[in-house]
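Sequences are here, hints too, so could you generate the full structure?
Number of protein chains: 2
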Amino acid sequence: MQDILIPGAASLLALGFVAYLAMDVLKKNPGNAKMVEISKAVQAGAKAFLRREYIYVAGFVGVIAILIAAAPIFSSVALNWQTSIAFIAGGIASAIAGYIGMSIATRANSRTTQGAVDGGLKGALGVAVSGGAVMGMSVVGVSLLGLCIVYAAFNGDPIIVNGYAMGASLVALFARSGGGIFTKGADMGADLVGKVEAGIPEDDPRNPAVIADNVGDNVGDVAGLGADLLESYVEAMIAAMAIAAGMGMLAAEQSRVLVLLPLNIASIGIIASILGIIFVKATGRGNPQGALMGGLYVSAGLTALGSYFLFKQQGVAYETYDAMGPFWATIAGVVSGVIIGFTSEYYTSSKYKPVKNLADESQSGPAITVTGGIALGMASTAVPIIVLAIALMVSYDFAGIYGVAMASLGMLATTGMVVSVDSYGPIADNAGGIAEMAHLDPGVRKITDSLDSVGNTTAAIGKGFAIGSAAFAAMGLIVAYMQSVKLQSADLKEPHVLAGILIGGMLPFFFSSMLFKAVSKAAFKMIAEVRRQFREIPGLREGKAMPDSAKCVDISTIGAINGMLLPGAVAILAPVVTGLALGPEALAGLLLGSLVSGVMLGIQMANSGGAMDNAKKYVEEGHFGGKGSETHKATVIGDTVGDPLKDTVGPSINIFIKLMAVISLVLAPIFM
Amino acid sequence: MQDILIPGAASLLALGFVAYLAMDVLKKNPGNAKMVEISKAVQAGAKAFLRREYIYVAGFVGVIAILIAAAPIFSSVALNWQTSIAFIAGGIASAIAGYIGMSIATRANSRTTQGAVDGGLKGALGVAVSGGAVMGMSVVGVSLLGLCIVYAAFNGDPIIVNGYAMGASLVALFARSGGGIFTKGADMGADLVGKVEAGIPEDDPRNPAVIADNVGDNVGDVAGLGADLLESYVEAMIAAMAIAAGMGMLAAEQSRVLVLLPLNIASIGIIASILGIIFVKATGRGNPQGALMGGLYVSAGLTALGSYFLFKQQGVAYETYDAMGPFWATIAGVVSGVIIGFTSEYYTSSKYKPVKNLADESQSGPAITVTGGIALGMASTAVPIIVLAIALMVSYDFAGIYGVAMASLGMLATTGMVVSVDSYGPIADNAGGIAEMAHLDPGVRKITDSLDSVGNTTAAIGKGFAIGSAAFAAMGLIVAYMQSVKLQSADLKEPHVLAGILIGGMLPFFFSSMLFKAVSKAAFKMIAEVRRQFREIPGLREGKAMPDSAKCVDISTIGAINGMLLPGAVAILAPVVTGLALGPEALAGLLLGSLVSGVMLGIQMANSGGAMDNAKKYVEEGHFGGKGSETHKATVIGDTVGDPLKDTVGPSINIFIKLMAVISLVLAPIFM
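Protein sequences, first through last, are from chains S and R.
Numbers in the working numbering are just positions in the first sequence, counted from 1, shifted up by 5.
Numbers in the working numbering are just positions in the second sequence, counted from 1, shifted up by 5.
Where hints are given, some of them may not hold.
Because identical chains cannot be distinguished in the list, a pair is counted as satisfied if it fits within a single copy or across any two copies.
Unchecked claim - In silico lysine to aspartate or glutamate, EDC-like type, Cα no more than 20 Å apart, as pairs:
hint, residue 1, residue 2
1, K317, E350
2, K200, E499
3, K526, D365
4, K358, E324
5, K127, D446
6, K638, E202
Don't read these hints as lab results, they were simulated from the structure.
Below you can see the structure in the form of structure tokens.
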């Protein structure tokens, strides 16, 4: 118990802060009756989706938990029912965090709109930031608390504790892919029929799919992103702990310190994130962009500083490494996270050349927009990968494979802050939609739009961060897996390893194709439904009748759930089948192959999609012909191509890679 | 000399057959004055492009040759001027084969048209097949002859002979990427201004870019593809020879047999290809599709049969492997080549569900066409990769790493036949263009169109084959490289290896982005020029004045050459810098990483592009609204996105991977 005193306290502190922030949001005025009605519709839709998603996920989790618990019956492997418990706990932690964050985010939307009415920019920003921070701090608070409990309950046995990460990972996959399919199916359906066919503007209350679209922003960008980073966060800690526990030739006390350091760094990160959020709330009067970026810097800087003193006090020398070695590895992670985030911004913000060029080229038509967008995303892989490769080598040089895991943790210690800043975006986006639907003064929409545009930048940084950290977390897990199955080496010259790498490299492509299809399918159904409503509900087009929004939410929910099952099954079965059929070396190859192609696709898709979105916005601001021009049409097509790339497929690949790695780590005893 | 008696004779036989086929083409009637004029314009354009390309390539080759020859001065490495000579010889062999094939292909075009006028389907098919076979048999004849000479001149020293493959590879990269940029820049320019803006049909003689477009078909699809497969062919032989030479603990005579077996299998493949071509010419009266596919089967079957007797007679047992082991490995290669080819056909032919579905989905607009096309290409990676992985493990099981190289050779022994069938397509395509431009009877165009549509299928098979064989050739080279630098193992747990894999995985993405940009740039310049000519040449639009086609050819040539230099430099520098800075293990990782992501991208792009092209054709046949419908417009945009994917970027990635691998193999002594 004493071991987890600090992280336990830090997680409770985070949850206390969550309670404070939630109160802060809920005590605000939710606006007029119309606004409340819309907000309630979004809340109900989001809740209905989460409930159904969790039922299916619970089924998956249950079956796998039983299989893990039953494994020792069929073979003499060192898995046991405790791993099952930890696994279930990880799943529950992720679900709880998602539920809390989403409940508040969907309540913060109309309050942000009303905040803009009452208090202008400052009023709106305060609510949106608090709402986002509920998600951010829930992610770190709930997951760290759960991990502490599991750790204490099972005396830190890594084989058991690893199960916790697997639970978080499985829920994340479904949250991200399901949420992504939901949001893009609804979005494409709403746009293709509403804007294009019916000729009504975006966020128009007559469009039956608009509520579903707003629900989608929450389930995809708030709950989905939260679950994604929660997973990376947990995995970074667990990989470092597993590696520390597996290092031979250490005194028991030394080993204990190295195992607990990740939890303590996470604790520092929590405090730094809380201070970062306070910083944003205190300074974000006139310049929300500056405040949010400042908050990110503050929390990263404080984490680095705090870690320095932590290592000075607790660090132990091991193997050939200095006591401060892991500190420098941690710093390598922090720095590379920042660089990767900013590369994303460079490639996706209309402030810089790439997006401006893309908008310019779009004058030659949509085909050029799309190939240009794809090319831009491909080019954007270079810097992050080189940075990752350097961070990998540097962190290894300083502290061995434990250092690699610590770098990953360095990147992820400020998860609370990153998720807060990221979840703020969809709240601001929703707030704008509500202003539109409730026919508020255009000045209100202007305020929410300015918040939303800042949200786009922070979202890009968040996505870059999510991918970079996923890559690092996966590397940590792969190394921990190889240590776990006692692989002396996985030699590239071995044909089984090579075959594993090839198959692994193929999987993210195959997985992506399934998600693309699921999005199209969901969009097709939505298109048919929206058309039906416009046809069958008299007076809808004229604004005299209400659309059946609930039906649209339902369609998206079903589409999302049907679409996420098959990719989920592939993610679970691929490592299991490979490990059993081709052996642990081939599985190591598979994990690495999936990491290599998956990270590239993840970065490419996120940045291609972000750039095409912002190229459209740039044209809409009046460049190259502005709204309604041929150039604008080209960028709208580009944006529609880019949307599933950046919001469904790309982010799901992160989790796909991590899930396969963590499954391999947990099931390592079976493959030996 | 005695060693290379059989392959030397086989290569001379191939060249004799080339001479016979060339005479067969040239003695045909080239058509009326207008047809001859157009054909001559294409010939002149193609020749001008090749000449300029070769000048730049010669510069690259020269500099590298000097560096290799000078290497021993700066360090005590075992490279020498002989390697430079072999390197230059490989480059020259590729250039000669490309030149011969292209000269005849550009002369066969109008003769094919005239063949349709005089002798209908049968007459046209005969000329087109002979024309394509000149390219196919030149590729194998010239390259095998050159290899025999180099082998004999330097007593088979692998360090020297490897240089031959590097020369072929370097020329291939420039031929493929330069040719690809040329053809797509011209194609997009011709289509975007001609079809869309000026409203004149495809292949209309008033369009200034039409000749350039036809030249592009030849430089991209004939010379580019030929150089690509020539490279794989040479590398498959050389990897097997290098591995055999490097195996320890063999009697000198055993080693000699294993080193020479690849050359003898290639000889069997040449004879089998000649018989295959004769089969096509003899049976291709009414059913060209059946005849061409039959020819592929005949040559594959004969190669398998011949190899069986070869191994029965010459095979030697080595290590733990049976004398017939390498035979079964060879067969694994032949079989997997066939499966991969047919997977490509399944995903890209409008006969099957994927393309039909894509056309169906296109009713929801261009964004769905593009995402659907990308998803289709991604899904299409699964079967080829699993087949490759199985072939890899099977061939290793039967015959160790030598077996892996032999599988690659099994796939490539019928290169002569595959390139023949593949080069036939662009000739038929050109013939159709000439029929159009010379205002011949529509019945003639119908015949050439039916030949062309068969060409699309064989092209898809050829592309699948090119990628599959490139993957195998690269694996062979990587293994040979690791053996060469005496890497005991390249362990995935090593951070340098991991860093290498990550950077390697990124490179095909980065390389692709450069080629995309080069194509857009070339297309933009072409668009500007075509617009200028329509504006400034009085009477052009009305058909009363001639366009300045030569100027357009010139623009494409310059665009292609400028665009290929930077990607080429990356391909050369990346392995050198990595090997020197991070060491030979990291370089092994880099090669493997590039293989993994490169093969996936290569397959995806080829099949995405092919499917989008054929979805457009399927709609044009009258489905889902037919020509001029919104669905058609959506598929036209899809096709424009797909074109550079399948004809420029995708195929260039093959060579990029192979070139980095062969450079590493040749420069292995430097990295040790």
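Cross-check of the supplied hints:
Neither within a single protomer nor between protomers do K317 and E350 lie at most 20 Å apart by alpha-carbon distance, with minima of 35 Å and 63 Å respectively. Taking identical chains as interchangeable, the C-alpha atoms of K200 and E499 are never at most 20 Å apart, the minima being 55 Å within one chain and 53 Å between chains. In the homo-oligomer, the alpha carbons of K526 and D365 lie at most 20 Å apart only across protomers (13 Å), although the nearest pairing inside one protomer, at 32 Å, exceeds that limit. In this assembly of identical chains, K358 and E324 lie within 20 Å of each other by CA distance neither inside one copy nor across copies; the values are 47 Å within and 59 Å between.
Taking the closest pair of Cα atoms, K127 and D446 come within 20 Å of each other only inside a single copy of the chain (17 Å); across copies the shortest separation is 75 Å, beyond that limit. In this assembly of identical chains, K638 and E202 lie within 20 Å of each other by CA distance both inside one copy and across copies; the values are 14 Å within and 17 Å between.
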